[in-house]
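Novice: All chains, full assembly: derive it from the sequences and hints.
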Amino acid sequence: MLPSVSLWAFFLIFPNESIAMNSNKMIHSISNNSRRKRKCSGAVGTTSFCHNMNDVRCCPDQQRRKIKYTFFGIDDHHAFHRFGGAANMAATAITPICLHLSYNKDDDNGDDDTARSQFGTRQYWDDTYNGYGDFPMEEYSWYYGWEVLKPYVKEHCNRKDSKMLLPGIGNDPILLDLLGAGYTDITAFDYTESSIERQEDLLSYVPGSLHNHHHSEYGDENEEKEGKVKLFVRDARKLDDQWTDGFDFILEKGTLDAVYLSGDGNVEQAVSEMKRVLKKQNGIFISVSGVVPYELRKELFPVTEWEWLRDGSEDLKAGCFIWRLR
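Here the sequence shown stands for residues -20 to -1, 1 to 306, numbered as in mature numbering (1 follows the signal peptide of the UniProt record, and there is no 0).
Because the hints were derived from the structure by calculation, they are not lab data.
Don't take every hint at face value.
[What the hints assert, rightly or not] Below, in silico cross-link-like pairs of lysine to any residue (SDA-like), each with a Cα-Cα straight-line distance of 25 angstroms or less:
#  : residue 1 : residue 2
1  : LYS255    : TRP288
2  : LYS134    : GLY160
3  : LYS208    : PRO187
4  : LYS259    : THR164
5  : LYS208    : PRO131
6  : LYS210    : ASP228
7  : LYS218    : ARG304
8  : LYS259    : ARG290
9  : LYS134    : ASP228
10 : LYS134    : TRP288
11 : LYS255    : PHE212
12 : LYS259    : VAL283
13 : LYS134    : TRP223
14 : LYS255    : TYR274
[What the hints assert, rightly or not] Label-pair ranges, simulated between beta-carbon atoms:
#  : residue 1 : residue 2 : range
15 : ASN262    : LYS210    : 21 to 31 angstroms
16 : ASN138    : GLY243    : 36 to 46 angstroms
17 : THR284    : GLU135    : 19 to 29 angstroms
18 : THR284    : ALA161    : 31 to 41 angstroms
19 : SER252    : LEU289    : 13 to 23 angstroms
For each residue, glycine too, the CB sits at the ideal point set by N, CA and C.
Specialist: So, in structure tokens, the structure goes:
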């Protein structure tokens, strides 16, 4: 049985606004006193918001499916910017607002009793990619999409043949964006097979994009179909030995957050593995992250080993961290 747990984080937003949610009911609320007694004027996750912050039953039919401005999925980057960026949750706040994420024994199937949150369990993500979760199963861009990331990627990965690694790809359509931008050597993985199946579906619309391995009907020899994207089912805490020093560029969006929430020591293992597979000297790591505590992040990416090119906790317009491996 899983005990109830809570994750508290702090971030900088406007004084009269807050986000109130839990693992099963997420409601975007506006805490302006003049609005508290108004009836709900719109569906959660749309451009209209639930204004009754004291009533968790507000718009109950919208709470699970049409969620956009939530802790783990903000696909409108303008809204993300407005609320200060998820990365600022762990930063010093002028106006500290608490974000409370909780769950109980009924929130998942107990497959990982060390998880801090349901977001750190494999079952949660399996359910999501099979259409039973809180977010769309077909495709979903965590935190924000390509238009926000594009200038960072182009600045720090200007060679189109750079070997790129995308951990925890989920059902994010960013692979299509990278292909459209001309990148030709992309590896992506996730630890749920359902996620990789979603990515295969997305890439099926781009002829020649997917690099496939499969067994020949005539024996055990592998037939290989060349493509620009390689997909794998992998655990971020234990990557392939042959990947050592194999990548010029790593881009992750929310993966370190999910690994951190999966239990003690896991995010340390994941960062260690990603460091191992990143090319020594000048390998670039871009991380869109808002849950890993800032002090822990500094321990994970010490300045003696990593050059901090961008500190996302200090940038209100993006929760984007960029490091170069020394």
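Novice: Evaluate each hint against the coordinates.
Specialist: Do the hints match the structure? See the list:
1. Pair hint LYS255 plus TRP288 holds up; C-alpha atoms about 14 angstroms apart against a cutoff of 25 angstroms.
2. For a cut-off of 25 angstroms, the pair hint linking LYS134 to GLY160 stands: about 13 angstroms separates their Cα positions.
3. At most 25 angstroms may separate the alpha-carbon atoms for a hinted pair to count; LYS208 and PRO187 meet this at roughly 10 angstroms.
4. For the proposed pair LYS259 and THR164, the alpha carbon gap of about 18 angstroms is at most 25 angstroms, so the pair holds.
5. With a CA separation close to 21 angstroms, the supplied pair LYS208 and PRO131 stays within the 25 angstroms bound.
6. Taking the CA atoms of LYS210 and ASP228, the gap is near 15 angstroms; set against the 25 angstroms cutoff, the hint holds.
7. At most 25 angstroms may separate the alpha-carbon atoms for a hinted pair to count; LYS218 and ARG304 meet this at roughly 22 angstroms.
8. The straight-line distance between the Cα atoms of LYS259 and ARG290 is roughly 19 angstroms, inside the 25 angstroms bound, and the hint therefore holds.
9. For the hint pairing LYS134 with ASP228, the CA-to-CA distance comes to about 13 angstroms; that is within 25 angstroms, so the pair holds.
10. A threshold of 25 angstroms between alpha carbons decides the hint, and for LYS134 with TRP288 the separation of about 18 angstroms falls inside it, so the pair holds.
11. Taking the CA atoms of LYS255 and PHE212, the gap is near 19 angstroms; set against the 25 angstroms cutoff, the hint holds.
12. With a CA separation close to 17 angstroms, the supplied pair LYS259 and VAL283 stays within the 25 angstroms bound.
13. For the proposed pair LYS134 and TRP223, the alpha carbon gap of about 23 angstroms is at most 25 angstroms, so the pair holds.
14. The straight-line distance between the Cα atoms of LYS255 and TYR274 is roughly 19 angstroms, inside the 25 angstroms bound, and the hint therefore holds.
15. Remark: the range hint 21 to 31 angstroms for ASN262 to LYS210 is upheld by a beta-carbon distance near 23 angstroms.
16. The given range of 36 to 46 angstroms is respected by ASN138 and GLY243, whose C-beta atoms sit roughly 37 angstroms from each other.
17. THR284 and GLU135 have their C-beta atoms about 24 angstroms apart, which keeps the hinted 19 to 29 angstroms range intact.
18. Checked against the hint of 31 to 41 angstroms, the pair THR284 and ALA161 passes, with Cβ atoms roughly 33 angstroms apart.
19. For the pair SER252 and LEU289, the beta carbons lie near 20 angstroms from each other, so the given range of 13 to 23 angstroms is met.
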